[in-house]
Amino acid sequence: MNTNLKISNVTKIYPGCVANDDVSLEFNSGKIYALLGENGAGKSTLVKILSGVVIPDEGKIYLNKNILKLNSPSDAKKNDIGMVFQHFNLFETLSVFENLIIDSDEQRENLKEKIDTIMKKYNFSVDLDVPVLNLSAGQKQKVEIIRCLIRSPKVLIMDEPTSVLTEQETSELFLSLKKFSEEGILIIYITHKLKEVMQLCDEVAVMRRGKLVSVSQINNENIESLANKMVGQDLKTIKKKKENTSSEQLIKITNLNFTSEDPFETNLVDINFSLNRGECLGIAGISGNGQSELFQVLSGEIISNKNSIEFNKNFIGNLNPQERREYLMAFSPEDRLEQAAIPQMAIFENVALNNFKSSNFFNNGLINESKIKEHSKKIISEFNVNTDNIDLKSQFLSGGNLQKLIIGRELITSPDLLICFNPTWGLDVGAINYIHETLIKINEQNKSIILISTDTDELLKLSDKISVIHRGKLSKIMNAEDVTSEKLGILMGGGN
Amino acid sequence: MIKIVKRDQPSKAIFFFTPVLAIFLTLIAGGIIFYILGFKPFEALKFFFIVPIADKYGFSELLLKATPLCLIAIGLSFCFKSNNWNIGAEGQLTFGAIVSGGVALLFYDQEGFYILPIVILAGAIGGMIYASIPAILKTYFNTNEILVSLMLVYVSKLILDYLVVGPWSNPEGFNFPETRQFSDSARLPLLFEGLRIHAGIFLALAAVVISWFVFYKTYLGFQMKVSGFSLKTAKYAGYKGKKMIILVFLISGACAGLAGVGEITGPIGQLHREVSPDYGFTAIIVAFLGRLHPVGIIFASLVVAITYLGAETAQIFMQIPKYTGQVFQGMILFFLLASDYLLFFKFKLIGSKK
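Sequences listed follow chains R and D, in order. The numbering used here applies: residue 1 is where the first sequence begins, and numbers increase by one. The numbering used here applies: residue 1001 is where the second sequence begins, and numbers increase by one.
Isolated chain R (complex conformation) (with noise of 0.2 Å):
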């Protein structure tokens, strides 16, 4: 029997964030979808509505012309809509049957039969007795399926299956998933990793921002042309004005390996680069391909070996933040919330966790508080952060006021260094606008900056250098004005 669900004008809003802006889709079964965005574009949210965990503002599901209600995540398991999480909710300590029969309304004999069948099917083979924690991702992965084919459901939606997994893993994941299209089974399968949906899904639906960008067949699409309107397709040409940069070497890395035990995580591969003074070099990439943790073994957040990074002829590869800006490297993370501030303490507070011995912050252990609040009241004033209370808790200052607190924090030791990581993401243009002009201000200085970003308008900005992240690989460092948007698409995707 044929499957239909059809997304309706759906809206979901969050304070200060429309995750979900008026989207509506239509799916119908014997095709593999893919739902295709970068992080925070609205993907998860929508998948997170139509399995009931999430009820939108406004709009309607419809599953086979009959309109659903989903109030819950058990509305969704009634509808014969199943779902695969990204992170998995298995009892680790419980076994795998134990994992299964728990929100089963079946028999015990049932139910062992109904698993035999479905293993046998579709050639899985999970212990059943075993612990969950005993398994590698790809089982998990599986019994979560299993779990879900239990059901017999219409839809199955697949949230980033594939980020724990192993290549063998993937290709047997997809094996599967076609054979359950074939068998009628409507699959919306989510990533940001474009060769899987070439390599799998018919259809393809790219948001970006909330909003829905484009709904197409998989054969009018390549790579390149996905990865554009994933991040943005207006690939404009401004770039600023070419400074003469110096020949003087300011950062060299080299080898740098990270290997990371979280399976969430990506490991860097024998990263290298280097940059001189006044120069700006943007690393481009679809999130996830590593940024994170490029940003933090640059930051010192992640010590790595010593001779790894040379910064003004000094080893610091083994030095942690704090020491590192001893030598004048200042860094700003991409998540300001949670990382870069603590939205809890006053801002004259959040200043006060850059450090710089100079800035006699702290004197022999004792805070030093009308420094740092004549401090704060230079950084406000000349970063134009618009408040005139330095008392006032961080988390009352709009995202681009904070990030110019943040950024002014950064610079006001005049590091010969800075490393940002998404500056600008979520904020209004013309925060936007005032962060740019800064970073520009910082190479005309001579002083070079290392811009981490996915937004790929603001590195053909702002970059005087440009390479691309994928996978945890640093790809050729290539001078911006020989930059394509082609290029890019193409690198981001993993291409050559």
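To be clear, the hints were calculated from the coordinates, so they are not data collected in a lab. Incorrect hints may appear among the rest.
Stated by the list, open to error - Listed below are the simulated DMTMM-like cross-link pairs for lysine to aspartate or glutamate, each with C-alpha atoms no more than 25 Å apart in a straight line: (1) D:K1006 to R:D57; (2) D:K1232 to R:D391; (3) D:K1232 to R:D262; (4) D:K1217 to R:E374; (5) D:K1006 to R:E338; (6) D:K1012 to R:D391; (7) R:K441 to R:D335; (8) D:K1217 to R:D388; (9) D:K1225 to R:D335; (10) D:K1232 to R:E338; (11) R:K377 to R:E310; (12) R:K31 to R:D202; (13) D:K1006 to R:D335; (14) R:K473 to R:E310; (15) R:K378 to R:E323; (16) D:K1240 to R:E310; (17) R:K211 to R:D57.
For this one, chain R is given, so just place chain D on it according to the hints.
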């Protein structure tokens, strides 16, 4: 209709109001329990909370109980403020008592002004040594400090048990599981003739002042505050996380150790099996009831100390089992956690619209 909505930000007023609410709800629930057990609720509560502190002696006993609670809770607040979950203060107290008791026994037949300071110092060091175990295991071997510190409590109690029964037992003690009496020079002086309240209270007050100073005036306090809000930010700012973890455990261990010293060189005067009626665990409740704030902890330690006294009074006068005291302590924590819900959510009256 009443609807529960999320607050835009935690309310400061509610932050200090919920402990009071928790105590109030505990009284109500306690009254109900007494009623069910067949007592007159108001009378029982009066025996529990008012009679014990109605005279000079009672008030001295209140301070006597509140002293170790306050001291330990202050120490714990260093750990809790920086996201380190040391719940083994009872063990650190016991080990501090063992070390200081051992030193006091060395001097059992001597007098001298120098003995007491050495004994006190030994207790603090004992507590620090014992607290350093979960701290070092956490920082260098990634163990969970909750489990390690908790399990070490039982180890320390068994060590104490072994010592007072075996090698340290009083040779003239007819095989009672206790050591010799300490010499008077190893005892904390009493503050008033005939009352048991002793100079240990000054240690607790000193801890309150010092911790206030550290929390609000020093770089260490600032780092603890930042780490408490966000470990990611602490890492980004470059704070030396491992050193801080060890330091807060040492502070907390020293405080618990001092509380142990206060018990054995104050009211007890020797080592025996029961150096503490679970002060180390109860202090966790005190720390949270006091909102990890030095002044809050003073009030909280007084409130919780009453439950110890009240339980005894109620047992004597009304034959209510003294374990009711623990029930009250549990209820305070329970209601505190429950009313903390109000920090993040509020009730909102909305008109019935259809």
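Okay, the hints, checked on the actual structure:
1. Of the supplied pair hints, the one linking K1006 (chain D) and D57 (chain R) holds, its CA atoms being roughly 17 Å apart against a limit of 25 Å.
2. Between K1232 (chain D) and D391 (chain R) the alpha-carbon distance is near 23 Å, which keeps this suggested pair within the 25 Å criterion.
3. A hinted pair counts as satisfied when its Cα atoms are at most 25 Å apart, and K1232 (chain D) with D262 (chain R) qualifies at roughly 16 Å.
4. With a CA separation close to 17 Å, the supplied pair K1217 (chain D) and E374 (chain R) stays within the 25 Å bound.
5. Annotation: proposed proximity of K1006 (chain D) to E338 (chain R) holds, straight-line Cα distance about 19 Å (limit 25 Å).
6. The straight-line distance between the Cα atoms of K1012 (chain D) and D391 (chain R) is roughly 15 Å, inside the 25 Å bound, and the hint therefore holds.
7. Restraint check for K441 (chain R) and D335 (chain R): satisfied, since their Cα atoms lie roughly 23 Å apart, inside the 25 Å limit.
8. Under the criterion of a C-alpha separation no larger than 25 Å, the hint pairing K1217 (chain D) with D388 (chain R) is consistent with the structure, at around 24 Å.
9. With a C-alpha separation of about 19 Å, the suggested pair K1225 (chain D) and D335 (chain R) falls inside the 25 Å cut-off, and the hint holds.
10. The hinted pair formed by K1232 (chain D) and E338 (chain R) meets the criterion: a straight-line CA distance of about 7 Å does not exceed 25 Å.
11. Restraint check for K377 (chain R) and E310 (chain R): the C-alpha separation of about 34 Å exceeds 25 Å, so the hint is violated.
12. Pair hint K31 (chain R) plus D202 (chain R) holds up; C-alpha atoms about 6 Å apart against a cutoff of 25 Å.
13. Restraint check for K1006 (chain D) and D335 (chain R): the C-alpha separation of about 23 Å stays at or below 25 Å, so the hint holds.
14. As the CA atoms of K473 (chain R) and E310 (chain R) are separated by approximately 19 Å, the hinted pair is consistent with the 25 Å bound.
15. Between the alpha carbons of K378 (chain R) and E323 (chain R) the distance comes to roughly 24 Å, so the proposed pair stays at or under 25 Å and holds.
16. A distance of roughly 22 Å separates the Cα atoms of K1240 (chain D) and E310 (chain R); the hinted pair therefore holds under the 25 Å criterion.
17. Between K211 (chain R) and D57 (chain R), the direct Cα distance comes to roughly 15 Å. Compliance with the 25 Å bound is thereby established for this hinted pair.
Consistency with the previously given hints fails for number 11 only.
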